Every structure is written in C-alpha cells, then in structure tokens.
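Q: Letter by letter, the chains look like this.
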Amino acid sequence: MNKKSDWKVHILALIMVIVAEFIGIKKFQVGPGTVLLLPMLYALVIGMFLPLLRLVDREDMDIASPYIGLSVMYLTAKMGTTIGPNLPKIFSAGPALILQELGNLGTIFLALPVAVLVFRMGREAIGVSFSISREGSLAIISDLYGLDSAEGRGVMGGYIVGTLLGAIFNGLMVGFLISLGIFHPYALAMAAGTGSASMMAAALGPVVAAYPAMEAELSAFAATSQLLTGVDGLYMSLFVGIPVTEWLYRKLKGKAADNNTRKEAAN
Amino acid sequence: MKFSSAIRIFLISGVLALLGNFVGFKIDPIKALPGMLILLALVIAGYALSKVSPVKLPSIAYISALAIIASIPGVPGADLVTKYVGEVQFLALCTPILAYAGISIGKDLGSFKEQSFKIIIVTFLTFIGTYVGSAIIAQVVMKFTGVI
Numbered sequence: 010m011n012k013k014s015d016w017k018v019h020i021l022a023l024i025m026v027i028v029a030e031f032i033g034i035k036k037f038q039v040g041p042g043t044v045l046l047l048p049m050l051y052a053l054v055i056g057m058f059l060p061l062l063r064l065v066d067r068e069d070m071d072i073a074s075p076y077i078g079l080s081v082m083y084l085t086a087k088m089g090t091t092i093g094p095n096l097p098k099i100f101s102a103g104p105a106l107i108l109q110e111l112g113n114l115g116t117i118f119l120a121l122p123v124a125v126l127v128f129r130m131g132r133e134a135i136g137v138s139f140s141i142s143r144e145g146s147l148a149i150i151s152d153l154y155g156l157d158s159a160e161g162r163g164v165m166g167g168y169i170v171g172t173l174l175g176a177i178f179n180g181l182m183v184g185f186l187i188s189l190g191i192f193h194p195y196a197l198a199m200a201a202g203t204g205s206a207s208m209m210a211a212a213l214g215p216v217v218a219a220y221p222a223m224e225a226e227l228s229a230f231a232a233t234s235q236l237l238t239g240v241d242g243l244y245m246s247l248f249v250g251i252p253v254t255e256w257l258y259r260k261l262k263g264k265a266a267d268n269n270t271r272k273e274a275a276n
Numbered sequence: 799m800k801f802s803s804a805i806r807i808f809l810i811s812g813v814l815a816l817l818g819n820f821v822g823f824k825i826d827p828i829k830a831l832p833g834m835l836i837l838l839a840l841v842i843a844g845y846a847l848s849k850v851s852p853v854k855l856p857s858i859a860y861i862s863a864l865a866i867i868a869s870i871p872g873v874p875g876a877d878l879v880t881k882y883v884g885e886v887q888f889l890a891l892c893t894p895i896l897a898y899a900g901i902s903i904g905k906d907l908g909s910f911k912e913q914s915f916k917i918i919i920v921t922f923l924t925f926i927g928t929y930v931g932s933a934i935i936a937q938v939v940m941k942f943t944g945v946i
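Sequences listed follow chains A and B, in order.
Heads up: the first sequence begins at 10 in the numbering used here, then just goes up one per residue.
Heads up: the second sequence begins at 799 in the numbering used here, then just goes up one per residue.
These are calculated hints, taken from the structure and not from any lab test.
Computed from a predicted model, the values in this text were never measured in an experiment.
Misleading hints may appear alongside valid ones.
Here's a subset of chain B near chain A, in silico, CB distances under 10 angstroms, partners left out [unchecked claim]: (1) 802; (2) 851; (3) 866; (4) 915; (5) 931; (6) 943.
In this text, a Cβ means the ideal position worked out from N, Cα and C, and glycines have one as well.
Based on the provided sequences and hints, a complete structural model is requested.
A: This is the structure:
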C-alpha cells in the first residue's frame with residue numbers, strides 16, 4: 010500500500026491549535042449560567058470547514074483519526090496527576106457522599122431508553138448516554154471505539170452540547186428541583202459534582218441562593234462530590250458505566266425490533 | 799499501529815500541546831517542558847504496559863493508574879510531578895485532540911447534522927439522570943444514617 014505522508018495533517022493541526030489558542034477562552038453570562046467558548050471547540054469547528062475549502066480529502070481524514078486516540082492519552086495522564094494529591098481526602102468523605110457517586114450512572118437508565126426507543130438512534134446512543142460527555146468520556150470512547158465511530162459521534166455531540174449549554178441547563182434544572190421541595194439542600198449540593206467545573210458552579214448556585222445560611226456546608230459537599238467524580242469517574246465509566254450501557258442497549262434494541270415486527274404484523 | 803509510530807505521534811502531539819500552552823496561557827515552553835516530559839513518560843509507560851500486560855485493559859486505564867500513583871503525596875518525586883505537570887494546562891492538552899478530531903470529522907458531518915436534534919435532547923437527559931440519580935442516593939443515605 011502506498012501510504013500518503015501524514016505531515017500535512019500535523020501541520021494543519023498545528024495551525025488549528027495556534028489559531029484556536031490565540032482566540033482564547035470567551036465567556037458569556039446567559040440567564041442562570043455561563044456559555045463557555047473554549048479553544049478546543051474552535052479547533053473542532055475549523056476542522057469542519059476544511060473539507061469545504063478542499064484543504065483535506067478523505068485520506069487525510071483517515072490518517073488523522075488514530076491520532077485522536079493517541080493525543081487523548083496526555084489528557085488522561087494529566088487528569089491522573091490531579092487525582093493523586095486528593096486521594097487522602099476521599100477516605101474522610103462520608104457514606105452519603107461516596108454512595109451518591111453511583112447515582113452518576115442514573116443517566117444510563119434515563120437517557121439511553123429515550124435515545125434507543127424514542128429516537129431510534131444507533132450506537133451513537135451509547136456514546137452520548139453513558140455519561141455527561143466531558144473530557145474523560147471523550148478519552149474513554151476514543152480508546153474503546155475510536156472517536157470517528159458511531160459511539161464517537163455520540164460522545165462528541167454530547168460534548169459540544171454540554172460545553173455550550175451544560176451550565177445553563179444545569180442551572181435551570183436545579184432551580185426547578187428546588188421549587189419541587191423533594192430534596193434536602195445537602196442532597197442537591199452533593200449531586201452537583203458531576204465532573205464539570207462550570208456545570209457544578211451552575212448547579213450549586215441556585216441551591217446556595219435558596220439556602221444562604223448553609224453556604225459553607227453546601228459548597229464543601231459540592232466540591233467533595235466533584236473531587237470524588239474526578240477520582241472514580243474514569244474507572245466507574247470503564248468498568249461499570251460502559252458495560253451496563255452496552256448491556257441495556259442490546260436489551261432495548263431487542264425490544265425495539267420486537268415492537269417493529271409487532272407493528273408490521275398489526276398492519 | 800506500530801509502537802514506534804505511536805511514539806512519534808506522542809512526540810508530535812506533545813509539541814502541539816506545548817505550543818498551545820504557550821499561545822493560549824502564556825506559559826514559556828521551557829518552563830512547561832519538564833511537565834510535558836513527565837506526562838510523555840507516563841503515557842509511553844502506560845501504553846507499553848497495555849501492550850504487554852496479560853490483563854487486557856484499555857491504555858487509558860494504565861496511564862491513569864500510573865499518573866495517580868506518581869502523584870500520591872509521599873510517593874518519591876510526587877511533589878515534583880505535581881509541581882511540573884501544573885505548568886501544563888488541562889485545556890491546552892484538549893485542543894490538539896479536537897484539532898485531529900476536527901480534521902477527521904468531515905466524513906461524519908452528514909450523520910452528525912441528521913442526529914443533532916436528538917443528541918441535544920439526549921444530552922439534556924444525561925444531565926437530569928446524572929444529577930437526579932445522585933440526589934436520590936444522597937437523600938436516601940442521609941435519611942437512613944440520620945444526617946437529615
């Protein structure tokens with residue numbers, strides 16, 4: 010096989026990184042949360058325009074795709090080095106804080122059935138449903154399936170939506186949950202640590218605003234929960250989240266197929 | 799992919815991150831270099847481990863484990879790891895990933911567009927599921943243990 014050189018891809022990536030970093034982080038306050046525009050999003054958007062400008066062809070795209078999974082490994086290493094220093098604190102967290110981490114898997118049982126049964130999505134559903142699609146999730150999906158797979162499209166879509174609208178949505182959602190009055194403010198604060206700093210801030214904000222006297226405890230609970238998610242997130246997703254998502258996906262797909270045949274039979 | 803080709807890509811994307819770290823965060827590449835080399839060593843070690851280990855786990859599981867161990871207070875050199883890697887910004891490491899993703903994404907643009915509405919709704923549901931799932935467990939455990 011006559012393989013094309015990959016230097017063009019690297020040079021393009023270099024230019025994209027420099028342009029994106031030069032523009033820098035932009036923040037907008039919208040309602041209850043901030044819209045955060047990050048350099049990595051600009052890099053992605055620039056990339057989408059390259060084929061239109063005829064700067065890349067199909068072969069370049071194929072060359073670039075394994076490099077995503079390799080460059081993700083630096084991010085994994087960096088995230089790991091921020092966990093070590095915090096490890097001792099985890100042993101001092103209470104049972105409620107530790108056990109609520111399992112609740113982060115709740116997304117699978119809400120998002121996946123809707124994705125598969127209502128929207129009839131394919132394996133994109135796995136990528137987008139197993140987590141809130143933050144950077145660690147990109148790393149997991151790119152290592153297990155590749156970011157240019159169906160699962161990769163799912164997690165990338167979730168990543169873009171979350172980066173742009175995650176903080177606002179979380180702010181509105183928590184405001185609504187407070188008004189229902191079902192949950193104790195401690196529980197709401199502990200739930201705020203889902204792995205994204207901007208989403209945590211947006212989720213904690215309304216709780217603190219509603220219970221200002223408890224501000225110190227609420228912030229401490231949210232920060233500890235955030236820390237715990239940082240520590241267990243990768244392994245929980247890898248060893249529990251993804252296998253459970255795969256299992257439920259197969260179950261739901263079987264069901265969806267059954268429903269289709271039943272409908273056809275009825276017709 | 800051959801091991802040597804992977805190392806080559808690690809080096810190239812490391813340079814991209816170092817430059818992004820300079821342009822975006824004004825951190826002198828010379829100052830960030832030791833941290834970047836520590837990350838590179840962790841990445842290569844974890845990647846190699848995943849290739850030779852009889853336990854078949856994704857490379858990121860090994861890389862993350864090595865990085866955690868190397869930075870636990872009390873482990874020899876952990877304070878240096880934390881200090882030097884601190885010069886390499888998290889966001890600067892993200893940009894090269896999405897640059898490569900951006901180049902390769904062109905071929906999926908059609909199916910991306912087609913699914914965009916569904917993906918927005920499902921992503922919102924992941925926020926609800928993750929948050930409410932945690933809130934329910936926290937509420938029940940605190941009730942059970944008498945905290946609230």
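Q: None of the hints should be skipped; say for each whether it holds.
A: Evaluation of the provided hints:
A hinted interface residue such as residue 802 of chain B counts as satisfied when its beta carbon comes closer than 10 angstroms to some beta carbon of chain A; here the least separation is about 13 angstroms, so the hint is violated. Checking residue 851 of chain B against chain A: minimum C-beta separation of about 15 angstroms lies over 10 angstroms; hint violated. Below 10 angstroms, beta-carbon pairs count as interface contacts, and residue 866 of chain B has one with chain A at about 5 angstroms; its hint therefore holds. Hint on residue 915 of chain B holds. Least Cβ distance to chain A is approximately 9 angstroms, under the 10 angstroms limit.
The beta carbon of residue 931 of chain B is positioned within 10 angstroms of a beta carbon in chain A (closest approach about 2 angstroms), and the interface hint is therefore held. The criterion of a C-beta within 10 angstroms of any C-beta in chain A is met by residue 943 of chain B, whose closest approach is roughly 6 angstroms, and the hint holds.
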